[in-house]
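Enquirer: Construct the entire structure; sequences and hints are all you get.
Protein chains in written order, with the numbering used here: chain A, 1 to 317; chain B, 318 to 431.
Among these hints, one or two may not hold up.
Straight-line Cα separation of at most 30 Å, BS3-like style, residue types lysine-lysine; simulated pairs [claimed, not checked]:
#1 K407/B with K371/B
#2 K422/B with K4/A
#3 K116/A with K422/B
#4 K367/B with K79/A
#5 K426/B with K79/A
#6 K69/A with K333/B
#7 K79/A with K334/B
#8 K105/A with K309/A
#9 K105/A with K422/B
#10 K4/A with K367/B
#11 K69/A with K367/B
#12 K420/B with K105/A
#13 K422/B with K147/A
#14 K371/B with K69/A
#15 K333/B with K116/A
#16 K428/B with K69/A
#17 K116/A with K407/B
#18 K79/A with K392/B
#19 K229/A with K392/B
#20 K79/A with K333/B
#21 K196/A with K147/A
#22 K333/B with K420/B
#23 K249/A with K420/B
#24 K407/B with K79/A
To give a feel for the contact side, a few chain B residues facing chain A, derived at Cβ under 7 Å [what the hints assert, rightly or not]:
#25 M349
#26 I354
#27 D358
#28 A359
#29 E362
#30 V365
#31 G393
#32 G396
#33 L397
Here chain B is said to cover these stretches of chain A; the calculated rule only asks that three of the stretch's residues, wherever they fall, bring their Cβ under 8 Å from a Cβ of chain B [said to hold, decoys possible]:
#34 32-44
#35 119-132
#36 294-305
Treat the hints as calculated values from the structure; they're not laboratory data.
All C-beta atoms in this analysis are idealised placements derived from N, C-alpha and C, irrespective of residue type, glycine included.
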Amino acid sequence: MEQKIYDVLIIGGGPAGLTAGIYASRAKLSVLILNEGAVGGQMILTNEVANYPGVEKTTGYHLANSMKKQAREFGCIIKSNLQIANYELSGAVKNVELTDGSIYKALSVIIATGGKPRQLNVLGEDTFRGTGISYCATCDGEFFTGKDIVVVGGGNSALEEAVSLTKYANKVTIIHQFNHFQAFEYAIAEAKENPKISFVYNSVISQFNGNENLQSVSVKNVVTGDVSKLPTQGAFIFIGYLPNTNAFKGILDLNDMNEIITTSEMETNIPGVFAAGDSIAKRYRQITTAVADGTIAALSASDFVAKSKQHHLVMQN
Amino acid sequence: MLRTALHEIETAEELKKLISENENVMVCCGRMGPMCIPVYDAMEELEVEKPNVKFFSMAFDSPEAWIVRNDQACKGFMGLPFTMYYKNGKVAHATTSIQTMDKIKAVLKDKFNA
Ligand SMILES: Cc1cc2nc3c(=O)[nH]c(=O)nc-3n(C[C@H](O)[C@H](O)[C@H](O)COP(=O)(O)OP(=O)(O)OC[C@H]3O[C@@H](n4cnc5c(N)ncnc54)[C@H](O)[C@@H]3O)c2cc1C
Numbered sequence: 001m002e003q004k005i006y007d008v009l010i011i012g013g014g015p016a017g018l019t020a021g022i023y024a025s026r027a028k029l030s031v032l033i034l035n036e037g038a039v040g041g042q043m044i045l046t047n048e049v050a051n052y053p054g055v056e057k058t059t060g061y062h063l064a065n066s067m068k069k070q071a072r073e074f075g076c077i078i079k080s081n082l083q084i085a086n087y088e089l090s091g092a093v094k095n096v097e098l099t100d101g102s103i104y105k106a107l108s109v110i111i112a113t114g115g116k117p118r119q120l121n122v123l124g125e126d127t128f129r130g131t132g133i134s135y136c137a138t139c140d141g142e143f144f145t146g147k148d149i150v151v152v153g154g155g156n157s158a159l160e161e162a163v164s165l166t167k168y169a170n171k172v173t174i175i176h177q178f179n180h181f182q183a184f185e186y187a188i189a190e191a192k193e194n195p196k197i198s199f200v201y202n203s204v205i206s207q208f209n210g211n212e213n214l215q216s217v218s219v220k221n222v223v224t225g226d227v228s229k230l231p232t233q234g235a236f237i238f239i240g241y242l243p244n245t246n247a248f249k250g251i252l253d254l255n256d257m258n259e260i261i262t263t264s265e266m267e268t269n270i271p272g273v274f275a276a277g278d279s280i281a282k283r284y285r286q287i288t289t290a291v292a293d294g295t296i297a298a299l300s301a302s303d304f305v306a307k308s309k310q311h312h313l314v315m316q317n
Numbered sequence: 318m319l320r321t322a323l324h325e326i327e328t329a330e331e332l333k334k335l336i337s338e339n340e341n342v343m344v345c346c347g348r349m350g351p352m353c354i355p356v357y358d359a360m361e362e363l364e365v366e367k368p369n370v371k372f373f374s375m376a377f378d379s380p381e382a383w384i385v386r387n388d389q390a391c392k393g394f395m396g397l398p399f400t401m402y403y404k405n406g407k408v409a410h411a412t413t414s415i416q417t418m419d420k421i422k423a424v425l426k427d428k429f430n431a
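Expert: Set out below in structure tokens:
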């Protein structure tokens, strides 16, 4: 049986991918979205979205579900919770193979793989996830009521979440690898004024220790090299985001931060392959910018598909 | 009230009834937060794939969720959601915090042969 060739294959089902799906399927193209995790991407990490124009206040989950529904209503097929093993993007027909062996083909591809929270990748991080280590203050803060905890990071998220965690914790120690913060002044001031918060500068966590639950962290001073143990019952990690582009190294042109380089039409270095959202090289990463990128990528892909079909017809005649 | 496509268990009695009537039951007890939504999402997909397992959600903040929160298997858990796997009415396994589809599938295979 001959395998279906989609007009547009979208990798990633966050706001960029879903918007591309809405536009491309509304243009009557056959569209498939392949998404690794839960549909919605980082939007579902957002409890409250208050800056999406036209929607005064909503949750990330609701916004994600509306976008998913809208894309499906236009005929877009969405498959989630899967893993892609291999990409062949250079030919006229692009192939993507999943870890279960199934292969999907398309005339054009839009990469919208977004970003993910950076992990420390130190000993014990996997062991104590959910039994002391957390990446979400709003989800898990109350489990640490009356406890001494640490927050790792020095950006806006780390400082803002540290302040919000003082609602529950007895004491919050912010561990930061530099001697200055990269956060906005207001966030720094708020953290410094909070009597429950103390700071350990020029330091990183080198190991998480405990039995059933986290009991201490080994803290290494990056200037002196000294390692000390800090007793703690919780560790919240907010050290920024990484673009999900590992799979495209050596295939697409990436910058030194591993972000995909695109033109203003969202074209990559491979004809017929476009990219959109947080995975591309750009300054501002928001839902609004992701949906704008997704729109442009879908329109560019539609144009590319129309031209390839026309070219194919000319060649046949 | 959670708004997922899974059936939401509302009382401890209902949970007891469901695990006594069904051989393999998975219950995700959480909120509508970033650590819980991916687990519900995976369960919604598995519900279609694995008819020999029953999949349910339960609101962590409901007073009735004491039945999960106070379970011995959840001792030391400090991350949402608390996910329970019941075999023939008894807890076969429990996990804390976000789980990937692969991890969930591995537990279903190991504990329920599903
Ligand atoms: C805590 C938090 C709060 C935020 N709050 C706001 C806010 O209030 N307002 C705002 O405008 N922005 C906010 N943002 C930023 C906003 O969420 C992002 O800019 C936006 O989601 C980026 O969209 P995206 O589609 O490019 O990527 P993502 O949302 O990251 O989605 C990418 C999708 O691709 C999937 N994927 C990744 N790799 C692969 C692969 N190899 N194969 C298949 N699928 C893959 C992922 O599972 C994911 O579903 C927030 C971000 C965070 C983390």
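Enquirer: For each hint, tell me whether it holds in the structure or not.
Expert: Hint check results:
no.: 1; hint: K407/B with K371/B; verdict: 14 Å, holds
no.: 2; hint: K422/B with K4/A; verdict: 29 Å, holds
no.: 3; hint: K116/A with K422/B; verdict: 22 Å, holds
no.: 4; hint: K367/B with K79/A; verdict: 17 Å, holds
no.: 5; hint: K426/B with K79/A; verdict: 22 Å, holds
no.: 6; hint: K69/A with K333/B; verdict: 34 Å, violated
no.: 7; hint: K79/A with K334/B; verdict: 33 Å, violated
no.: 8; hint: K105/A with K309/A; verdict: 15 Å, holds
no.: 9; hint: K105/A with K422/B; verdict: 27 Å, holds
no.: 10; hint: K4/A with K367/B; verdict: 27 Å, holds
no.: 11; hint: K69/A with K367/B; verdict: 24 Å, holds
no.: 12; hint: K420/B with K105/A; verdict: 28 Å, holds
no.: 13; hint: K422/B with K147/A; verdict: 34 Å, violated
no.: 14; hint: K371/B with K69/A; verdict: 25 Å, holds
no.: 15; hint: K333/B with K116/A; verdict: 38 Å, violated
no.: 16; hint: K428/B with K69/A; verdict: 34 Å, violated
no.: 17; hint: K116/A with K407/B; verdict: 36 Å, violated
no.: 18; hint: K79/A with K392/B; verdict: 36 Å, violated
no.: 19; hint: K229/A with K392/B; verdict: 25 Å, holds
no.: 20; hint: K79/A with K333/B; verdict: 34 Å, violated
no.: 21; hint: K196/A with K147/A; verdict: 11 Å, holds
no.: 22; hint: K333/B with K420/B; verdict: 25 Å, holds
no.: 23; hint: K249/A with K420/B; verdict: 27 Å, holds
no.: 24; hint: K407/B with K79/A; verdict: 33 Å, violated
no.: 25; hint: M349; verdict: 6 Å, holds
no.: 26; hint: I354; verdict: 5 Å, holds
no.: 27; hint: D358; verdict: 4 Å, holds
no.: 28; hint: A359; verdict: 5 Å, holds
no.: 29; hint: E362; verdict: 5 Å, holds
no.: 30; hint: V365; verdict: 12 Å, violated
no.: 31; hint: G393; verdict: 5 Å, holds
no.: 32; hint: G396; verdict: 3 Å, holds
no.: 33; hint: L397; verdict: 5 Å, holds
no.: 34; hint: 32-44; verdict: holds (count 5)
no.: 35; hint: 119-132; verdict: holds (count 4)
no.: 36; hint: 294-305; verdict: violated (count 0)
Hint compliance for this structure: hints 6, 7, 13, 15, 16, 17, 18, 20, 24, 30, 36 are broken, all remaining hints hold.
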